[in-house]
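**Student:** These are the residues of each chain, in order.
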Amino acid sequence: MIKRYAALIRNAWLVDLQYRASIVLWLLWGVTEPAIALGIWWAIAGDGSVAGYARADFARYFFAVMLINQLTIAWDSWYLDRWIRDGELNYRLARPLHPAHEAVAENIAYKARTASVILVVWLIVAAAWPAVRLPLDPGRWALTLVAVLLAAAMRFFISFTTGLLAFWTTRATAIMELHAGVSLFLAGRIAPLALLPPAVAGVAGALWFRSMLAFPVDLLTGAVHGADAIVRGLASQVVWLGIWIVAYRIAWSRGIRKYGAVGG
Amino acid sequence: MTSIVAAEGLSKTFQVKVRDPGLRGAVRALFRPRYRDVLAVRDVTFRIEPGEIVAFLGPNGAGKTTTLKMLAGLLYPTSGRVEAAGFVPWTGGPPFKRRIALVLGNRQQLVWDLPPEETFLLNRAIYDIPEVDYRARLAELVTLLDLGDVLQKPVRQLSLGERMKCELVASLLHRPPLLFLDEPTLGLDVTAQEAIRRFLIEYRDRHGATVLLTSHYMQDVTALASRVLMINRGRLLYDGALDVLVARIARTKRIELVLGGDGGDGHHVTAEALAAFGEVKSFHFPNAVLEVRREDAPATSARLLAAFPVADLSIEDPPIEEVIRLAFARGMEEEQ
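Read top to bottom, the protein sequences are chains A and B.
If you number the first sequence the way this note's numbering does, the last residue is 264 and the count never jumps.
If you number the second sequence the way this note's numbering does, the last residue is 336 and the count never jumps.
Simulated from the structure, these hints should not be mistaken for lab results.
Cβ atoms here follow ideal geometry from the backbone N, Cα and C, with glycine treated the same way.
Distance ranges between label pairs, derived from CB positions:
hint : chain 1 : residue 1 : chain 2 : residue 2 : range
1    : B       : Gly61     : A       : Ile40     : 52 to 58 Å
2    : A       : Ala235    : B       : Ala29     : 41 to 47 Å
3    : A       : Gly181    : B       : Asn106    : 34 to 40 Å
4    : B       : Asp37     : A       : Ile40     : 54 to 60 Å
5    : A       : Arg249    : B       : Ala26     : 31 to 37 Å
6    : A       : Arg257    : B       : Val132    : 36 to 42 Å
7    : A       : Arg257    : B       : Lys281    : 49 to 55 Å
8    : B       : Val27     : A       : Gln18     : 43 to 49 Å
9    : A       : Pro198    : B       : Trp112    : 47 to 53 Å
10   : A       : Ala174    : B       : Asp149    : 44 to 50 Å
11   : A       : Asp16     : B       : Leu23     : 42 to 48 Å
Each computed DSSO-like pair below joins lysine-lysine, with the alpha-carbon atoms no more than 30 Å apart:
hint : chain 1 : residue 1 : chain 2 : residue 2
12   : A       : Lys111    : A       : Lys3
13   : B       : Lys153    : A       : Lys3
14   : A       : Lys258    : B       : Lys17
15   : A       : Lys111    : B       : Lys153
Cβ-to-Cβ under 7 Å is the rule here; a few derived chain B residues that face chain A:
hint : residue
16   : Ala72
17   : Tyr76
18   : Leu104
19   : Arg107
20   : Ala125
21   : Ile126
Using the sequences plus the hints, can you model the full thing?
**Tutor:** Laid out in structure tokens, this is it:
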């Protein structure tokens with residue numbers, strides 16, 4: 001299986017190298033959203049603070065969002081929607097490799113490429129600007145790594161499962177757009193969850209949104225502390241990952257029976 | 001001999017949303033969707049022996065591709081049983097998929113932006129093909145398909161024919177015993193079509209592979225298939241050799257004459273004189289075409305030879321396209 005993944009990742013990178021301009025565009029997209037959010041909060045905070053967040057806290061928060069969002073984001077619903085509707089799933093189903101493996105390999109390839117660039121950007125900025133530096137605490141980094149892996153796995157299954165809805169509806173990507181819109185607020189992309197009204201933040205925590213992004217970000221910046229809070233956050237990630245895996249399995253086995261194998 | 005493919009009572013019903021035309025229809029469909037059952041494949045039964053090349057024949061929407069996709073495990077049948085290459089296709093998993101190749105004329109697996117060799121390397125990894133075997137098989141396929149200089153060009157720069165050849169290479173590197181080809185010559189020029197046909201026969205002869213194909217091109221069928229499965233409206237109308245089908249459907253034969261030769265120049269022969277022997281389909285001196293009842297063809301030929309100066313005489317079946325048209329027309333009559 002390692003050989004297969006190596007070959008899939010290699011091909012994904014070879015394709016990327018054909019389109020250098022698009023890499024830059026994706027990267028800009030990944031940087032722009034948190035940069036704009038940071039700019040707004042920077043202006044609002046002024047010399048004081050908002051709900052305990054001063055300018056430097058916002059800077060750390062959104063740099064962490066930039067990195068962790070790239071490490072956990074998944075585009076699979078768009079690919080799957082196309083595979084199913086255009087019949088590109090056909091030859092993938094005829095191969096002795098579950099199509100999900102190709103999707104996972106694509107994710108690894110994509111994340112390795114964009115996140116490594118963002119990490120370099122961050123290091124350069126941090127060299128000049130102490131506000132975005134993070135404490136070198138190996139324990140915290142290790143816990144963040146675990147949380148990032150759980151979040152990436154969960155977001156993959158969310159995206160893949162939503163993409164599978166294309167077996168039933170032609171609006172699968174619209175559902176994913178809606179989810180992305182909601183997660184703008186509930187996952188902490190536009191503001192730290194601590195700044196949301198408690199009821200809204202409560203919904204984000206009760207559902208999977210906090211586990212998607214805000215929790216690993218808060219873990220990295222130190223906003224989550226205390227063994228209790230960390231364990232509860234990780235446990236919530238594990239539970240929601242499990243729920244989405246079950247949803248994926250149901251959608252796949254039902255959908256594949258429903259599949260009309262478009263094309264010809 | 002055990003069959004490599006056995007289908008029994010195979011049926012597939014699709015549910016299709018029906019909608020009245022216009023905005024009102026669209027709105028109504030939004031609130032009260034209605035569905036109609038489309039019987040794509042109905043109670044189809046056949047067996048295929050190893051090494052056979054079998055063609056599915058039928059008009060668009062007849063159920064050819066749906067049947068092929070059920071055999072390849074892409075579609076779940078609504079009812080019926082299938083065994084292919086020793087497995088039930090939709091539960092066979094990777095062991096089954098290693099024993100088949102699926103080539104779709106209109107959906108390609110080659111990575112568009114990379115040279116075809118990158119797709120081959122990917123398949124080497126996906127199918128766990130040992131390096132030695134990979135090299136040997138690639139060399140063989142490249143030679144058979146005359147692909148020497150295209151392996152390093154990006155797929156998007158290849159011609160349609162070159163792409164289909166590369167598609168075949170990608171699908172055959174794991175040396176599957178059972179090939180499903182859906183319209184493998186679709187859109188190709190005559191030279192490329194012939195190259196693909198030659199290759200398929202050569203490949204079957206070398207490796208004993210079984211080939212099931214669908215095609216719109218009659219030449220594909222006559223050149224490749226020892227047997228045809230004729231499908232229309234989801235039903236299997238005929239299963240057997242092409243020439244037997246022709247004999248059954250075409251109740252006539254054509255006698256093609258070239259007048260002249262030793263017995264005189266034949267200028268005195270008239271259409272009326274020929275009409276005494278059979279229906280005159282065409283008469284442009286010195287060529288004449290007569291249609292006669294199948295069983296009368298030999299005797300009539302002898303009488304023609306005795307009656308007229310004949311330079312050349314041949315007995316032909318009617319054109320295959322015409323036979324197929326007749327067969328479908330008759331199949332529909334029987335259904336109604």
